[in-house]
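*Asks:* From just these sequences and the hints, can you work out the full model?
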Amino acid sequence: MADLVPRPPTPPPPTPTTVPQAIVDITALLDEISYKLQTLIGYYIHPDTTPTQIKAFEPRLLILQERLKALSKLSYIHLSHLIDNSDQFSSQYLISIIDQLLNAALGIQKVFADHYDPSLHKRLPFSTIWKTLEYRMEQVRLIPHRSPSNPRRVIPEEQRPNEIGRFCSGALQMINLRDKGKISIVDRGNLSEADQRKMRDFKGVFLDWECPECNFKVHFRVSSSTTSNIHSTDEIHQHDSIHVQYRSSFLAKSHLYFAPHSKTLGTSKRRESVTVSLSKRATTSRALRPEYGCLFCYALGKDLEFGRTTFATPRHLAEHLSVRHRKPALPSPLLHRFSVAISGKMAQERLRWDVNLL
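In terms of our numbering, the sequence shown opens at residue 1 and continues consecutively.
Calculated from the structure, these hints are not laboratory results.
Take these hints with a grain of salt, some might be off.
When the alpha-carbon atoms are kept at most 27 Å apart in a straight line, the in silico DSSO-like pairs for lysine-lysine are as follows [to be verified]: (1) K327 <-> K69; (2) K73 <-> K327; (3) K182 <-> K198; (4) K36 <-> K182; (5) K327 <-> K302; (6) K122 <-> K110; (7) K69 <-> K55; (8) K69 <-> K122; (9) K73 <-> K302; (10) K122 <-> K55; (11) K69 <-> K302; (12) K110 <-> K36; (13) K345 <-> K73.
Restraint ranges, calculated between C-beta atoms of paired labels, are given here [unchecked claim]: (14) D114 <-> D234: 51 to 57 Å; (15) G344 <-> D114: 42 to 48 Å; (16) S228 <-> I342: 26 to 32 Å.
Backbone N, C-alpha and C define an ideal beta-carbon position, used for all residues, glycine too.
*Replies:* Shown next, in the form of structure tokens:
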């Protein structure tokens with residue numbers, strides 16, 4: 001009988017981590033790679049001109065550094081209040097960055113070993129960094145299984161009861177592709193003069209999207225069978241002197257909870273409409289109450305506060321987006337998850353944007 005060869009012991013699983021801690025750890029490794037690159041340049045090349053092949057690593061590392069800085073600005077607890085599987089979604093960006101850092105470390109080592117010092121093939125100056133990056137990769141890949149930002153894995157609209165001044169569960173359903181809104185035709189008498197002109201000039205019909213959870217409505221124009229719902233309408237809203245365009249779907253995703261009229265002001269045969277009119281408000285009192293929250297501010301860790309992160313009208317929300325979120329660019333997860341275009345361009349050209357920062 002052949003001798004049984006004992007198997008090597010299975011290494012223990014990596015220590016659990018969170019997205020914020022992983023960002024800190026990966027940033028430290030990026031700094032080590034940058035430091036070692038400059039050390040090698042100083043030892044083998046200085047004072048001669050650094051070859052383009054080696055110099056090209058510097059901007060690549062700077063781009064990754066900026067991406068990590070942008071990711072560090074997000075509140076991953078707040079993000080879990082807005083989107084499904086937020087930790088899984090966020091960890092994908094970290095995996096991509098680690099993969100690029102592994103390639104950079106290998107590439108730098110190979111260039112110097114091939115052209116300056118063959119002994120580096122054996123000395124492997126980046127071996128410790130490489131092994132640590134692989135360990136960090138294992139940690140990050142386990143984040144979706146633990147879901148530290150939302151351990152119970154409760155979908156956003158069921159995490160908390162609806163409260164006045166917070167994002168409505170109907171808005172959260174919209175964000176996560178669980179639209180349960182009702183549709184009704186808008187009576188001509190409830191249209192603004194501008195909307196009535198659109199009806200005369202371009203035909204079509206205006207529909208109301210009604211939130212299934214509260215008293216919010218937003219109307220949108222339908223002009224063809226291919227653009228017959230709030231997710232496909234080609235209608236675009238923009239206000240004078242504000243460098244932001246948006247669609248009605250963005251307003252539906254940004255709306256705050258309003259208790260049905262019968263719950264706040266007694267019974268009523270007809271539920272009061274809070275239909276968005278982009279050119280006028282029905283009453284002064286209505287204009288003073290917040291109807292929309294800034295999804296981006298909230299994802300960046302800010303609380304919902306009237307006048308700062310919540311707003312009474314679409315115009316006020318658009319003004320805020322133009323002033324606060326056009327520059328610097330939002331972190332990539334927000335651009336991708338909330339369908340944000342920059343000057344009309346999406347990361348994937350065929351995707352439809354909800355808001356366009358001009």
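*Asks:* K345 and K73: Cα distance at most 27 Å?
*Replies:* holds, 23 Å
*Asks:* Would the pair K122 and K55 pass a check requiring their Cα atoms to be no farther apart than 27 Å?
*Replies:* holds, 24 Å
*Asks:* Taken at face value, is the distance from the CA of K302 to the CA of K73 at most 27 Å?
*Replies:* Distance ~11 Å between K73 and K302 Cα, so the pair holds.
*Asks:* Given the proposed pairing of K69 with K122, does the C-alpha separation stay at or below 27 Å?
*Replies:* With Cα atoms ~34 Å apart, K69 and K122 exceed 27 Å; violated.
*Asks:* Take a quick look at whether K110 and K36 sit within 27 Å of each other, Cα to Cα.
*Replies:* holds, 13 Å
*Asks:* Would you check the hint for K36 and K182, treating anything up to 27 Å between C-alpha atoms as holding?
*Replies:* violated, 59 Å
*Asks:* Does the alpha-carbon distance linking K69 and K302 stay inside the 27 Å limit?
*Replies:* holds, 17 Å
*Asks:* Hint check: K182 vs K198, CA-CA at most 27 Å. Holds or violated?
*Replies:* Holds. K182 to K198 sits at ~23 Å (cutoff 27 Å).
*Asks:* Are the Cα atoms of K69 and K55 separated by 27 Å or less?
*Replies:* Holds, at roughly 22 Å.
*Asks:* Is it true that D114 and D234 lie within 51 to 57 Å of each other by Cβ?
*Replies:* holds, 55 Å
*Asks:* Is it true that the C-beta distance of G344 to D114 lies inside 42 to 48 Å, as the hint says?
*Replies:* holds, 44 Å
*Asks:* Take the C-alpha atoms of K327 and K302, compute the straight-line distance between them, and say whether it is at most 27 Å.
*Replies:* holds, 18 Å
Going through the hint list in order, the structure does not satisfy hints 4 and 8.
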